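Enquirer: The opening position of the sequence shown corresponds to residue 1 in our numbering, with each subsequent residue numbered one higher.
Since the hints were made in silico from the structure, they are not lab data. Since we're looking at a predicted model, the values are computed, not measured. It is possible that some hints are incorrect.
In silico lysine to aspartate or glutamate, DMTMM-like type, Cα no more than 20 Å apart, as pairs [unchecked claim]:
1) 66 - 103
2) 57 - 25
3) 13 - 103
4) 66 - 16
5) 34 - 103
6) 63 - 41
7) 66 - 25
8) 63 - 51
9) 9 - 61
10) 2 - 84
11) 9 - 41
12) 66 - 12
13) 2 - 16
14) 9 - 84
15) 13 - 25
16) 13 - 84
17) 34 - 94
18) 63 - 84
19) 55 - 94
20) 9 - 100
21) 91 - 61
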Amino acid sequence: LKTFSRLIKTHDKNLEVEIRQSAIEGLLYIGTYKPHLVLLDMVMPNIDSYEFCQKIKQNPETKGIKIIAITGHSEVNHRDRPLEVDALYSKSQDIHVLLELIDQVLLNH
């Protein structure tokens, strides 16, 4: 996470990056500060990433927040359970792909 944070700040100095160590901390932060974008690691302890996304998207106060899911897999099979994200980034992709996704998602905000 710290590596992603440094790269994002280097890419765009106007972006503020906050890191939360748990899903609960993340949800509390999101509910309070309502950021424009959430980068979500698909593997989280104590909560399913699908449930995490649902909590954001089903809340009227946070449903407009954009989410980019980050996965260690090249593909995420979510046909049975729709993943409510705006973009998906695989850690196997070049980091510049993530930076482009961030730009695209924020541009459409």
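Enquirer: Please go over all the hints and tell whether each is borne out by the structure.
Expert: Tested hints:
Distance check on the hinted pair: residue 66 and residue 103 sit about 12 Å apart at the alpha-carbon level, within 20 Å; holds. Under the criterion of a C-alpha separation no larger than 20 Å, the hint pairing residue 57 with residue 25 is consistent with the structure, at around 17 Å. A hinted pair counts as satisfied when its Cα atoms are at most 20 Å apart, and residue 13 with residue 103 qualifies at roughly 13 Å. For the hint linking residue 66 to residue 16, the alpha-carbon distance of about 15 Å falls within 20 Å, and the restraint holds.
Between residue 34 and residue 103 the alpha-carbon distance is near 18 Å, which keeps this suggested pair within the 20 Å criterion. Proximity of residue 63 to residue 41 is assessed by CA-CA distance (about 19 Å); at most 20 Å being required, the pair is judged to hold. Only pairs whose Cα atoms come within 20 Å are accepted, and residue 66 paired with residue 25 is accepted, the gap being roughly 18 Å. Between residue 63 and residue 51, the direct Cα distance comes to roughly 14 Å. Compliance with the 20 Å bound is thereby established for this hinted pair.
For the hint pairing residue 9 with residue 61, the CA-to-CA distance comes to about 27 Å; that exceeds 20 Å, so the pair is violated. Between residue 2 and residue 84 the CA atoms are separated by roughly 25 Å; this puts the pair beyond 20 Å, and the hint is violated. Our distance criterion of 20 Å between C-alpha atoms is met by residue 9 and residue 41, whose separation comes to about 18 Å. Straight-line distance between C-alpha atoms of residue 66 and residue 12 comes to about 17 Å, which keeps the hinted pair within the 20 Å bound.
Of the pairs offered as hints, the one joining residue 2 and residue 16 holds, with about 13 Å between alpha carbons and a cut-off of 20 Å not exceeded. In summary, the hint linking residue 9 to residue 84 is not supported, as the alpha carbons are separated by about 26 Å, beyond the 20 Å threshold. As the CA atoms of residue 13 and residue 25 are separated by approximately 25 Å, the hinted pair breaks the 20 Å bound. This hinted pair does not check out: residue 13 and residue 84 have alpha carbons roughly 28 Å apart, beyond 20 Å.
Of the pairs offered as hints, the one joining residue 34 and residue 94 is violated, with about 28 Å between alpha carbons and a cut-off of 20 Å exceeded. The hinted pair formed by residue 63 and residue 84 meets the criterion: a straight-line CA distance of about 10 Å does not exceed 20 Å. For the hint linking residue 55 to residue 94, the alpha-carbon distance of about 29 Å lies beyond 20 Å, and the restraint is violated. For the proposed pair residue 9 and residue 100, the alpha carbon gap of about 14 Å is at most 20 Å, so the pair holds.
Proximity of residue 91 to residue 61 is assessed by CA-CA distance (about 30 Å); at most 20 Å being required, the pair is judged violated.
The earlier numbered hints that this structure contradicts are 9, 10, 14, 15, 16, 17, 19 and 21.
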